[in-house]
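Q: Residues per chain are reported as follows:
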Amino acid sequence: MEFSAGQIADLLQGKVIGNADVKVNTVSKIEEGKPGSLAFLANPKYTKYIYDTKADIVLVNKDFIPEKKISATLIKVDDAYKAFASLLEIYQQYKNNKTGISESAFMEKTATAGKNTYIGAGVYIGEHTHIADNCKIYPNTYIGDNVKIGEGTVIFSGVNIYSETVIGENCILHSGVVVGSDGFGFAPQNSAEFKKIPQIGNVIIEDRAEIGANTSIDRATIGSTVIRKGVKLDNLVQIAHNVEIGENTVIASQTGVSGSTKIGKNCMIGGQVGFAGHLTIGDNVRIGAQSGVHKDLPDNVIVQGTPVTGYREWYRIAAVLQKLPEIYRKIQKI
Amino acid sequence: MEFSAGQIADLLQGKVIGNADVKVNTVSKIEEGKPGSLAFLANPKYTKYIYDTKADIVLVNKDFIPEKKISATLIKVDDAYKAFASLLEIYQQYKNNKTGISESAFMEKTATAGKNTYIGAGVYIGEHTHIADNCKIYPNTYIGDNVKIGEGTVIFSGVNIYSETVIGENCILHSGVVVGSDGFGFAPQNSAEFKKIPQIGNVIIEDRAEIGANTSIDRATIGSTVIRKGVKLDNLVQIAHNVEIGENTVIASQTGVSGSTKIGKNCMIGGQVGFAGHLTIGDNVRIGAQSGVHKDLPDNVIVQGTPVTGYREWYRIAAVLQKLPEIYRKIQKI
Amino acid sequence: MEFSAGQIADLLQGKVIGNADVKVNTVSKIEEGKPGSLAFLANPKYTKYIYDTKADIVLVNKDFIPEKKISATLIKVDDAYKAFASLLEIYQQYKNNKTGISESAFMEKTATAGKNTYIGAGVYIGEHTHIADNCKIYPNTYIGDNVKIGEGTVIFSGVNIYSETVIGENCILHSGVVVGSDGFGFAPQNSAEFKKIPQIGNVIIEDRAEIGANTSIDRATIGSTVIRKGVKLDNLVQIAHNVEIGENTVIASQTGVSGSTKIGKNCMIGGQVGFAGHLTIGDNVRIGAQSGVHKDLPDNVIVQGTPVTGYREWYRIAAVLQKLPEIYRKIQKI
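One line per chain: the protein sequences are X, D and L, in this order. For the first sequence, the working numbering begins at 1 and goes up steadily by one. For the second sequence, the working numbering begins at 1 and goes up steadily by one. For the third sequence, the working numbering begins at 1 and goes up steadily by one.
Source of the hints: derived by calculation from the structure; they are not laboratory data. Be careful, since some hints might not be right.
Note that identical chains are pooled: a pair holds if it fits in a single copy or bridges any two copies.
Said to hold, decoys possible - Heads up, simulated SDA-like pairs for lysine to any residue below, C-alpha to C-alpha not over 20 Å straight-line:
hint: 1; residue 1: 48; residue 2: 11
hint: 2; residue 1: 148; residue 2: 107
hint: 3; residue 1: 15; residue 2: 71
hint: 4; residue 1: 15; residue 2: 321
hint: 5; residue 1: 136; residue 2: 163
hint: 6; residue 1: 54; residue 2: 3
Please work from the sequences and hints to get the whole structure.
A: In structure tokens:
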């Protein structure tokens, strides 16, 4: 996809200074500007780069006045940073422009799909499942029976959604995500072998959640595992049965949340954190990477470490940890 | 799927008190009872909830005598807890009732499938592979050449099983599982580049094992990676080449076992644990979450921490860890 | 696949001692030798096993002279270890001998594939994507628009490759790998809800890289996430947006690298390690399993622990850690 400086200026209601016919097909940072790309200049600290950049188009603020000759075509806009951001959004939407239902998709007879919904090749859609309007279901994704997918939701390729799952509007699920697999529930028996506890609940994912690649979210034993509005889960995250993640909480990669733990809203949780089961974590909690959370946490705390503690305490502990051999030598002399 | 109180009572050989025609389509806890659901009352502590529950049907012990009016229909059974558990099992089996071989599945000419086996749309089955009777292979799963799948095994959607894998009877593999990928084996060379060591062994999964979503089990370099009878692996677990997991051992999510380590039977291993390679772990061992296991462990120990130690020692260490800054201040004064 | 001793001797330019017609279909270690298998004897320490081995064929060095009767057929070669290794490679290539484009694959009209390339059932290949000669794309893999796959690359089943990805020659991607999913980038807003930052870069994987099962590699926000020549990533590894992994670096399972971190070449990184974002790690660095890397590291260091420190220091710290309760008791007495 190529765009000319003229087309981009029209889109952004900007003014072209230079060759309006020059075309770009990607974007770059001004300091790394490559031929065929568009860059932007917003922070004056980077002004020096504009005179040598190889980018063919640069978005600049309308009050920008060059001190010497610039080979790139300039587009003057009200706010170069905002204009660049909105250009990226337009580009991303443009790329994600698939439509129609592939003849190579397999929909059960009772499955239904709304208007303008894309269903790619190799997609399977189960009995009584409904995909709302303006959704995009990429190839080779599996959606089981009795599932509901809300308007505008995008599900990339190779996602697996078990039966009874409910997904809200404008969500994004990345490739390899599994939603609704059985919770890890087994009852001890007289023999040493465990007996499976039926997992008959479901998963509910509310509006505007985004779920990263290869993340798994188990269905509830009874009731629902719930991912609230605006939650963002990174890649390879584990959400166990009956967990609830509060609104707008963000969880980084490879973190695991054990069964029945409830995490509040607006939390920020680092990567590779582990949560024990049956915990209650408050709102606005921040947890550092690789922490081990074994106890409830109140609202508004910032914690880190294993076992988890206040992050200031943890930094002090971590500093002394390095001096342990020295401490031990001193102790032995006493 | 809706069931009336009358139908459920017949199934459980129970007695209806109230309206036998009321229908339910899900279950709930008595304290959260929702319209259209069935709950149970076994623990007297919860008796108070039965008078206000919105559940439409409640299973109760046959000796239960209400103290005031109850709006729900009751079903009296010998043991309400056991009746509820058996109902869940019936429901789960009922849901998992797919049959037939889809015309959209792709079976190589030498592949064979037994009686009553379901093979969904988009499934690929390789040369000389045999799927036994009463199996369920959900859509978009890949099963390579020379694989054997035992009777009654359920493989959910989007599973990838490499060639030569052997899977026993009544196993469950959840979506996104990978079985039989190459072990991580590379030989250093004179150049800095590593050379791949061919991985020509296989994976054997014995009867009644359950493997969680997005878990990966590598094939052996030579010989077999073995998952014994009754093993339960949670989601996102890593099993490296030539590992052996003993009978009925249970491993929680995101744990990783390095190459050639043997874990005994009846072990319980927490989440996010890491095992070094070439270890021997005894039977009945319990390992706390996030532990780092760098050495062999005998039978019957309970351990935790990094490096792993007795769990009582670990709790003491963890407690003193919090006091390290205080200890350091004292030491400096001496 | 069965091979006779005569066929194998021809392949290896060796000499048969015994029955040239005996056939094998697998390999085993000489000390575990099973009927129907081939073993080798290179290390004199293992000579004792050759007299009782149940393996039907044993490769031996040409100067080997048995001290008593051996039931196995021997094949004498110049170097038994090298001959065995080359046999494994031949066997692995032989197994991976799929060809042709399946009628059940779905290629968009502008997609192209080179000579001798295998494209399995249920594969999807997007617009303007080119697969070079001698590639193997296993069933149910998804390859998006504008992707380039270099000559001789093998992509196993159920892999998901997003648009604009560039993969070099002779790479191997295992099942469940996700390449090019959106980076985890969100901007805070006045409301508590985060706003998605468009991720419009791509992923570049250079020649001879191998990527393990269920590993995920995010696309760059702008520019490229880069996996250099000869890199080996194990299973369930997380590579975030704009990360760069240097040539021939090897990363074990379940390790996570946060956004914009650059790792040098020829590094060896253990399992379950976590890297913070925006770090620069030198060349030839070795990092122990489960470490937490929160700072830049120079070339040639060997480090371990959380927070990461020199590995010798870490072993000393870990040793004293076990004595913390004892230290605390002593301190309290002072």
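Q: Run every hint past the structure and note whether it holds.
A: Here is how each hint holds up against the structure:
no.	hint	verdict
1	48 / 11	neither (27 Å within a copy, 65 Å between copies)
2	148 / 107	within (14 Å within a copy, 29 Å between copies)
3	15 / 71	within (16 Å within a copy, 72 Å between copies)
4	15 / 321	neither (59 Å within a copy, 62 Å between copies)
5	136 / 163	both (19 Å within a copy, 15 Å between copies)
6	54 / 3	within (17 Å within a copy, 60 Å between copies)
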